[in-house]
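Asks: One-letter residues, chain by chain:
Number of protein chains: 2
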Amino acid sequence: MTKLLTVPEPSSELLQRASVVRRSAMLLGQADNKQRKLALAAMASSLELNSGEIVEANKQDLKIAKQEGLQEALIARLKLDEAKLKGAIEGVLQVANLPDPLGTCQVHRELYKDLILDRITVPLGVVGVIFEARPDAVIQIASLAIRSGNGALLKGGSEAVLTNEAIMKALKKGLKNTEIQPSSLALLTTRKESLSMLKLDGLLDLIIPRGSNELVQFIQDNTRIPVLGHADGICHLYIDSEVNLQQALRIAIDSKTQYPAACNAIETLLLHSDVAKNFLDVAIPAFEGLGVRLLGDTVSQKLGIKEPADESDWRKEYLDLVLSIKIVNSFEDAIEHIHCYGSRHTEAIATTNEKTAELFLASVDSSGVYHNCSTRFADGFRYGFGAEVGISTQTLPPRGPVGLEGLVTYRYRLRGDGHIAEDFVSGEKSFSHRDLPL
Amino acid sequence: MTKLLTVPEPSSELLQRASVVRRSAMLLGQADNKQRKLALAAMASSLELNSGEIVEANKQDLKIAKQEGLQEALIARLKLDEAKLKGAIEGVLQVANLPDPLGTCQVHRELYKDLILDRITVPLGVVGVIFEARPDAVIQIASLAIRSGNGALLKGGSEAVLTNEAIMKALKKGLKNTEIQPSSLALLTTRKESLSMLKLDGLLDLIIPRGSNELVQFIQDNTRIPVLGHADGICHLYIDSEVNLQQALRIAIDSKTQYPAACNAIETLLLHSDVAKNFLDVAIPAFEGLGVRLLGDTVSQKLGIKEPADESDWRKEYLDLVLSIKIVNSFEDAIEHIHCYGSRHTEAIATTNEKTAELFLASVDSSGVYHNCSTRFADGFRYGFGAEVGISTQTLPPRGPVGLEGLVTYRYRLRGDGHIAEDFVSGEKSFSHRDLPL
Numbered sequence: 001m002t003k004l005l006t007v008p009e010p011s012s013e014l015l016q017r018a019s020v021v022r023r024s025a026m027l028l029g030q031a032d033n034k035q036r037k038l039a040l041a042a043m044a045s046s047l048e049l050n051s052g053e054i055v056e057a058n059k060q061d062l063k064i065a066k067q068e069g070l071q072e073a074l075i076a077r078l079k080l081d082e083a084k085l086k087g088a089i090e091g092v093l094q095v096a097n098l099p100d101p102l103g104t105c106q107v108h109r110e111l112y113k114d115l116i117l118d119r120i121t122v123p124l125g126v127v128g129v130i131f132e133a134r135p136d137a138v139i140q141i142a143s144l145a146i147r148s149g150n151g152a153l154l155k156g157g158s159e160a161v162l163t164n165e166a167i168m169k170a171l172k173k174g175l176k177n178t179e180i181q182p183s184s185l186a187l188l189t190t191r192k193e194s195l196s197m198l199k200l201d202g203l204l205d206l207i208i209p210r211g212s213n214e215l216v217q218f219i220q221d222n223t224r225i226p227v228l229g230h231a232d233g234i235c236h237l238y239i240d241s242e243v244n245l246q247q248a249l250r251i252a253i254d255s256k257t258q259y260p261a262a263c264n265a266i267e268t269l270l271l272h273s274d275v276a277k278n279f280l281d282v283a284i285p286a287f288e289g290l291g292v293r294l295l296g297d298t299v300s301q302k303l304g305i306k307e308p309a310d311e312s313d314w315r316k317e318y319l320d321l322v323l324s325i326k327i328v329n330s331f332e333d334a335i336e337h338i339h340c341y342g343s344r345h346t347e348a349i350a351t352t353n354e355k356t357a358e359l360f361l362a363s364v365d366s367s368g369v370y371h372n373c374s375t376r377f378a379d380g381f382r383y384g385f386g387a388e389v390g391i392s393t394q395t396l397p398p399r400g401p402v403g404l405e406g407l408v409t410y411r412y413r414l415r416g417d418g419h420i421a422e423d424f425v426s427g428e429k430s431f432s433h434r435d436l437p438l
Numbered sequence: 001m002t003k004l005l006t007v008p009e010p011s012s013e014l015l016q017r018a019s020v021v022r023r024s025a026m027l028l029g030q031a032d033n034k035q036r037k038l039a040l041a042a043m044a045s046s047l048e049l050n051s052g053e054i055v056e057a058n059k060q061d062l063k064i065a066k067q068e069g070l071q072e073a074l075i076a077r078l079k080l081d082e083a084k085l086k087g088a089i090e091g092v093l094q095v096a097n098l099p100d101p102l103g104t105c106q107v108h109r110e111l112y113k114d115l116i117l118d119r120i121t122v123p124l125g126v127v128g129v130i131f132e133a134r135p136d137a138v139i140q141i142a143s144l145a146i147r148s149g150n151g152a153l154l155k156g157g158s159e160a161v162l163t164n165e166a167i168m169k170a171l172k173k174g175l176k177n178t179e180i181q182p183s184s185l186a187l188l189t190t191r192k193e194s195l196s197m198l199k200l201d202g203l204l205d206l207i208i209p210r211g212s213n214e215l216v217q218f219i220q221d222n223t224r225i226p227v228l229g230h231a232d233g234i235c236h237l238y239i240d241s242e243v244n245l246q247q248a249l250r251i252a253i254d255s256k257t258q259y260p261a262a263c264n265a266i267e268t269l270l271l272h273s274d275v276a277k278n279f280l281d282v283a284i285p286a287f288e289g290l291g292v293r294l295l296g297d298t299v300s301q302k303l304g305i306k307e308p309a310d311e312s313d314w315r316k317e318y319l320d321l322v323l324s325i326k327i328v329n330s331f332e333d334a335i336e337h338i339h340c341y342g343s344r345h346t347e348a349i350a351t352t353n354e355k356t357a358e359l360f361l362a363s364v365d366s367s368g369v370y371h372n373c374s375t376r377f378a379d380g381f382r383y384g385f386g387a388e389v390g391i392s393t394q395t396l397p398p399r400g401p402v403g404l405e406g407l408v409t410y411r412y413r414l415r416g417d418g419h420i421a422e423d424f425v426s427g428e429k430s431f432s433h434r435d436l437p438l
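Protein chains in written order, with our numbering: chain A, 1 to 438; chain B, 1 to 438.
Source of the hints: derived by calculation from the structure; they are not laboratory data.
Heads up, some of the hints might be wrong.
It does not matter which identical chain is meant; a pair holds if it fits inside one copy or across any two.
Derived EDC-like pairs (lysine to aspartate or glutamate); straight-line CA-CA distance at most 20 Å [claimed, not checked]:
| # | residue 1 | residue 2 |
| --- | --- | --- |
| 1 | K302 | E165 |
| 2 | K355 | D114 |
| 3 | K199 | D221 |
| 4 | K79 | E132 |
| 5 | K355 | D32 |
| 6 | K66 | E336 |
| 7 | K113 | E354 |
| 8 | K316 | D417 |
| 9 | K429 | D379 |
| 10 | K355 | D118 |
| 11 | K355 | D333 |
| 12 | K79 | E68 |
| 13 | K277 | E307 |
Full structure from sequences and hints, please.
Replies: Okay, here's the thing in structure tokens:
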């Protein structure tokens, strides 16, 4: 996809489909909590009723994928058997039970007698989701969208097209028996459609790309619609001079090896020179024993790292059992390195000095800053959000792991009784600005 | 500016200046509430001390502007006399007294024993502000930035360059005696610099354009940095069939004429056919008496509107004493028109039917939806925010009138004692997700 340089204009058919979703989403946005919960229950039970058909469609997709020689890792992600489907259906019911993200009153203020301002959370409108391989993403995204009152345009990978279609059919069948219109959801199937989705300004309110760095980067560069997600996840662990080395090693190993393909795994270890030798003496055999390839700067090579790391390594997200190591002479040098090469995802410090820790948490401007724990905790479920829309590395909120709040916005409502601004400009009336109980 | 089609790459000098601001902003971001308040007090008193010099510089700018034949309206905005400067200095002190937007704990949660997550508000980093004419904007923006712990790169209009430089000199002089580095603020003076500001990704976190629609539109289209602001403000008032006509007219007149150049003034009046004749019989002479030019659709022309409005009028922000009028046959037609032509700024309904009003507030997806009051209330000061960064018409928060919250973001901090993810994945430990008192 990223090799295509131009994004085609949306076809009239796509515009038509997106408009239908938008119109349905407007009604969905007014559905109450109970109606949206019931819709998710209906979606779940329809998936269960049609699970035979879905698994069968997946077998077809798998067969074609194998014939076409798809990578093993991708085939594993494509696979949706009874057990995985059951898990996904349970996920729908879990999302149904999350607290309603809509209708929360955030501001409630009297501006003047009988002129009352409030700010309440409302759905975004329609979200566009572009994802690769994993067909259970359709289920997860559709349930998050409906739960939060949003329509969704979904575009999955071409290798999962039969599975995705079977899932979407089941979801829509389920919605038919509810107050929510099945047309709140639409599945796009051609690559051309997924590209022109980027030009649906005014019809789409948010794009959520779930896939490779290249996919995300391409989307960020080619749309004016806000994008929730992240391209790089270059996370760091800094091991300070005052440190419990054994604990630091445990954290380093978990941060790198617990699931190296995750965005919250570390890519670079920054090591204070005072403890470098002692740490590496134990860490090198430990990492090597776990199959981790270590690349180091010149100083660390003198301390036993066999392969060199050059400047380009500091910018690399390996997503694999590879770790680059740099020796720094001070806390400041570590911070400087992170500011220069980090991607504002998650950085951790291992130190026994509370003051140093607090300085780290205050001065590193990543969306997650950790003290004495693994970067692998950067995750919506682990944070207790129940469901995760994605992880954002942007500066503005929402950032970090984003739960349902990423799918809602707010609106100011002002209710008056003939109030006009001129009375306040002329000085005849003046604002009370009195906060009322929420 | 908008005629230039390419945004130049930043010069090495600009990159250098922006890096200095960024570095200073990192320190500023760690300054406490008291230090930032004191900085604003010092800025205010330095402005006062140097007011003679500033007013003198402004006189020079005015002289040149007149020689170059600048429009009267622009000259009025450019003018900064003793009185206006005094008002701006009072504004600095008001911003100093606003509640600290930083350090607010939004989430405080135990994930497991001794593994504590919190989410606190932090500055964005560095904001870039591009504004036209009005030199008091430098003062306002600089104080909002410092109050919220952000560095700022400011680019004002070339016609105000001497005034802006004199103001910036005074602000920096004031900061010299505080804990805040004067280099947290920088003034750019050439047009080329302001354009290449759009390419300072990684050095700027937010761009706030304050100026014409064209300026904002150009910036939105030519940067990957988030932009806070709005291009069009096409606001509507819908007068329902069940309505207090006298009150509706008062609201219509205020919404259009109280300050027609404001973005929250209405451009189009949607009028239910049941009350169209009765309303227009009174409204036409009233508006004409106030010098408002009325343009109407075919039906309203039959009811006395003299000039025609065509489809292009529904898309126009007149910013002047001009109002387009359309007769609609139903509430639904009014909503449809707003969805089609609105800019998600502010829309109002005049109705005595509470149910209709609530349906309007629930189904119009603008950032402000009003019942029986003037659209002119859409303003940060009127909402009680104390200071306004701008008004955003985007879907995602922050939207509507944005106070200091538009200049802050948040960060997740996780403090542990050697916790690793593997223990939770293996099932050895499980999350408690227990909210702690904020």
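Asks: Does each hint hold? Answer for all of them.
Replies: Each hint, compared with the structure:
Taking the shortest alpha-carbon separations for K302 and E165, neither the intra-copy value of 56 Å nor the inter-copy value of 53 Å comes in at or below 20 Å. With identical chains, the CA atoms of K355 and D114 are at most 20 Å apart between copies only, with a shortest distance of 18 Å across copies and 51 Å within one. With identical chains, the CA atoms of K199 and D221 are at most 20 Å apart both within one copy (12 Å) and between copies (13 Å). Within a single copy, K79 and E132 get their C-alpha atoms as close as 13 Å, which meets the 20 Å cut-off; across copies the closest is 57 Å, which misses it.
When the C-alpha separation of K355 and D32 is checked against a cutoff of 20 Å, the pair qualifies only between copies, where the shortest distance is 16 Å, while the shortest distance within a copy is 48 Å. In this assembly of identical chains, K66 and E336 lie within 20 Å of each other by CA distance neither inside one copy nor across copies; the values are 47 Å within and 49 Å between. Only between protomers do K113 and E354 lie at most 20 Å apart by alpha-carbon distance; the minimum there is 18 Å, versus 51 Å within a single protomer. Taking CA atoms no more than 20 Å apart as the test, K316 paired with D417 passes in neither setting, with 60 Å inside one copy and 29 Å between copies.
Taking CA atoms no more than 20 Å apart as the test, K429 paired with D379 passes between copies only; the shortest distance there is 16 Å, against 50 Å inside one copy. For the identical chains of this complex, K355 and D118 are inter-copy neighbours only, at 18 Å across copies versus 41 Å inside a copy, given an alpha-carbon limit of 20 Å. Taking the shortest alpha-carbon separations for K355 and D333, only the intra-copy value of 17 Å comes in at or below 20 Å, while the best inter-copy value is 62 Å. Taking CA atoms no more than 20 Å apart as the test, K79 paired with E68 passes inside one copy only; the shortest distance there is 15 Å, against 71 Å between copies.
In this homomeric assembly, K277 and E307 come within 20 Å of each other (Cα to Cα) only inside a single copy, at 17 Å, whereas the closest approach across copies is 85 Å.
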